[in-house]
Amino acid sequence: MAYNDAYDLPIAVKLLVAGGFGVGKTTFVGAVSEIEPLTTEEVITEASAGVDSLDGVASKTTTTVAFDFGRISLSPSLVLYLFGTPGQNRFWFMWDELSTGALGAVVLADTRRLEACFDAVDFFERRGTKFVVAVNEFDGAFHYEPEEVRAALELKPHVPVTLCDARDPRSATSVLVCLVQYLLAASMTTS
Amino acid sequence: MTVSGDESWLDGDAGRLVRPYAVTNGRTTASLKLDLVSMVVATGNGSHSSLEPDHVQVLGMCLRPASVAEIAARLRLPAAVTKVLLSDLVDCGAVRAAAPRSETDATNRVLLERLLHGLQRRL
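Residue numbers (the working numbering), protein chains in the order written: chain A, 1 to 191; chain B, 1001 to 1123.
Hints in this document: simulated from the structure, not taken from any laboratory.
Glycine included, each C-beta is placed from N, C-alpha and C at the ideal position.
Fair warning: there could be bad hints in the mix.
Computed Cβ-Cβ distance ranges for the label pairs, DEER-style [said to hold, decoys possible]: (1) A:64 x B:1117: 37 to 43 angstroms; (2) B:1049 x A:76: 50 to 56 angstroms; (3) A:77 x B:1049: 31 to 37 angstroms; (4) A:168 x B:1074: 23 to 29 angstroms; (5) B:1022 x A:189: 48 to 54 angstroms; (6) B:1123 x A:96: 30 to 36 angstroms; (7) A:76 x B:1123: 29 to 35 angstroms; (8) A:112 x B:1027: 42 to 48 angstroms; (9) B:1121 x A:127: 46 to 52 angstroms; (10) A:142 x B:1107: 30 to 36 angstroms; (11) B:1060 x A:142: 48 to 54 angstroms; (12) B:1026 x A:158: 47 to 53 angstroms; (13) A:75 x B:1027: 20 to 26 angstroms; (14) B:1120 x A:154: 30 to 36 angstroms.
Given the sequences, and given the hints that come with them, work out the whole structure.
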């Protein structure tokens, strides 16, 4: 009953923007979003590792994680939400919740510290979430070719690697186009 | 609950005076399956007699279609709390939620094509 007559509500789709801390995720989301990026928080409960456990009773800890997101209304019936994943490692367990239902992801990389995005690449590979790698070309960073980045990150040959300026709406939108083209091509080959 | 007209000494940084889960009577799970991008909209009817001030606030954010994440962010409520309040509103008929998307390959492909065209228009 609650779901009746919902046809006039727009379809909302979710893409993720991941990468190391300070790599420009919020900048990227802000560049393409039609609204000022919003921040929302989720309270996460997880079973703790139990290092302090004295009685063998599993204890639970709650953590509040905050993440930024933006919105692009592509038509009256289709809205795209872009979620920036929390950058700090200890919030990783949260990613599962965030990635549920996401069509795909952009992994932002900074060539000055490529290792910062290893974790994101690893996570999406294990989860089976399709992603593209976008190298955010910071001023003063040494320029690497996409193929050098691919080799350094040990990416599979089909994973697109592209260059971008996360501050530039056009450039950031191009990355999203690249991601959706990749998702579309992948959907053709799987059926 | 908040007392209207008595909030001038508070600024945004003070945060909420009421613990988040107090507004949901301690409930942490919504009766309805909602995720961060579930779209909701006010129906303009339903029984409002049992609504708490927080419900009214959430309802006010649904006058146009909005996602759970947006409502949570604008009201500075944790997403889980927002989901509980929204599902109460759906239960009483004041809010309608979009049906969960079917995830077949074919519908997914049509969706991806629409997404692609929409994005390309912005270049």
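Assessment of proposed distance window 23 to 29 angstroms (beta carbons of residue 168 of chain A, residue 1074 of chain B): Taking Cβ atoms as reference, residue 168 of chain A and residue 1074 of chain B lie about 27 angstroms apart, which means the hint holds.
Would you say the C-beta atoms of residue 77 of chain A and residue 1049 of chain B sit inside 31 to 37 angstroms of each other? 34 angstroms, holds
May I ask you to test the hint 48 to 54 angstroms on the CB atoms belonging to residue 1022 of chain B and residue 189 of chain A? 51 angstroms, holds
Range hint 20 to 26 angstroms: satisfied by the CB atoms of residue 75 of chain A and residue 1027 of chain B? 36 angstroms, violated
Within 46 to 52 angstroms or not, the Cβ separation of residue 1121 of chain B and residue 127 of chain A? 31 angstroms, violated
Outcome for the supplied range 50 to 56 angstroms, where the beta carbon pair is residue 1049 of chain B and residue 76 of chain A: Distance hint for residue 1049 of chain B, residue 76 of chain A is violated at roughly 34 angstroms.
Within 48 to 54 angstroms: is that where the Cβ-Cβ distance between residue 1060 of chain B and residue 142 of chain A falls? 51 angstroms Cβ-Cβ, so the 48 to 54 angstroms window holds.
Starting from the hint 30 to 36 angstroms, judge whether the C-beta atoms of residue 142 of chain A and residue 1107 of chain B obey it. Given a distance of about 44 angstroms, which is not inside 30 to 36 angstroms, the answer is violated.
Within 30 to 36 angstroms: is that where the Cβ-Cβ distance between residue 1120 of chain B and residue 154 of chain A falls? 31 angstroms, holds
Range agreement (Cβ of residue 158 of chain A with Cβ of residue 1026 of chain B, hint 47 to 53 angstroms): 48 angstroms, holds
Whether the CB-CB distance between residue 112 of chain A and residue 1027 of chain B falls inside 42 to 48 angstroms: 46 angstroms, holds
Take a look at whether the Cβ-Cβ distance between residue 64 of chain A and residue 1117 of chain B falls inside 37 to 43 angstroms. Hint holds: Cβ distance 38 angstroms, inside 37 to 43 angstroms.
Hints 2, 7, 9, 10 and 13 from the earlier list are contradicted by this structure; the remaining hints agree with it.
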